[in-house]
Amino acid sequence: KQEVTQIPAALSVPEGENLVLNCSFTDSAIYNLQWFRQDPGKGLTSLLLIQSSQREQTSGRLNASLDKSSGRSTLYIAASQPGDSATYLCAVGNNNDMRFGAGTRLTVKP
Amino acid sequence: DTAVSQTPKYLVTQMGNDKSIKCEQNLGHDTMYWYKQDSKKFLKIMFSYNNKELIINETVPNRFSPKSPDKAHLNLHINSLELGDSAVYFCASSRTEGLAGGPAGELFFGEGSRLTVL
Chain B
1 KQEVTQIPAA LSVPEGENLV LNCSFTDSAI YNLQWFRQDP GKGLTSLLLI QSSQREQTSG
61 RLNASLDKSS GRSTLYIAAS QPGDSATYLC AVGNNNDMRF GAGTRLTVKP
Chain E
1 DTAVSQTPKY LVTQMGNDKS IKCEQNLGHD TMYWYKQDSK KFLKIMFSYN NKELIINETV
61 PNRFSPKSPD KAHLNLHINS LELGDSAVYF CASSRTEGLA GGPAGELFFG EGSRLTVL
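Just so you know, the protein sequences line up as chains B and E, in that order.
Under my numbering, think of the first position of the first sequence as 1, with each following residue one higher.
Under my numbering, think of the first position of the second sequence as 1, with each following residue one higher.
Accuracy of the hints is not assured; some may be wrong.
Straight-line C-alpha distance at most 25 Å; calculated SDA-like pairs for lysine to any residue [said to hold, decoys possible]: (1) E:Lys41 to B:Asp27; (2) E:Lys52 to B:Asp97; (3) B:Lys42 to E:Leu83; (4) E:Lys52 to B:Arg99; (5) B:Lys1 to E:Pro61; (6) B:Lys42 to E:Glu53; (7) E:Lys44 to E:Glu24; (8) E:Lys36 to B:Thr5; (9) E:Lys40 to E:Ile56; (10) B:Lys1 to B:Ser28; (11) E:Lys41 to B:Arg55.
What the hints contain is simulated information worked out from the structure, not anything from laboratory work.
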């Protein structure tokens, strides 16, 4: 059964800093991996989707990488802003299923 | 146009009552899901349906009964509500890649339904 772990659980950085969020998974036979953002009291917003055949995806200041063989993905956020403060979740896709990590709560201080 | 919509957004009820949450998606997806997010914010899958057929049922008490009248709708009915059922319930949908029962595509979520059982 797929287990997804996100480290760190919480992260606080000053504005402008570059940062990396980590996601690891136990079963490398995945179809895709998706990063989400969740603001307090809100639903999940999809940030990036990486297919199993891809190594990375980029959207604006966000870059997500995938290393299937080692069971790892990273989400890189460049030049962080206070508006980036949220919980970031990764989800790993298998057959008709996506398993979530517990998330990393990011605070970007002005 | 909301892609995945759930109603109600908030639900407060007494223990022992029965309640339903409705979900609709207008994305043309063939797979829909219910996830539960507990007080620690951990998101856990409960059910998934592909073309109205139950695919995943994750050790959820049988007080929870999903119903999919068509592939655009997946409703969740909960009988005999308990305190521990208090959580935020999220509906989601995706397109199944390839054959039925195949891998899940990109996941789209509703805004969530916060259930409080008193």
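Checklist entry - What hints, given by number in increasing order, does this structure fail? => result 6 and 11
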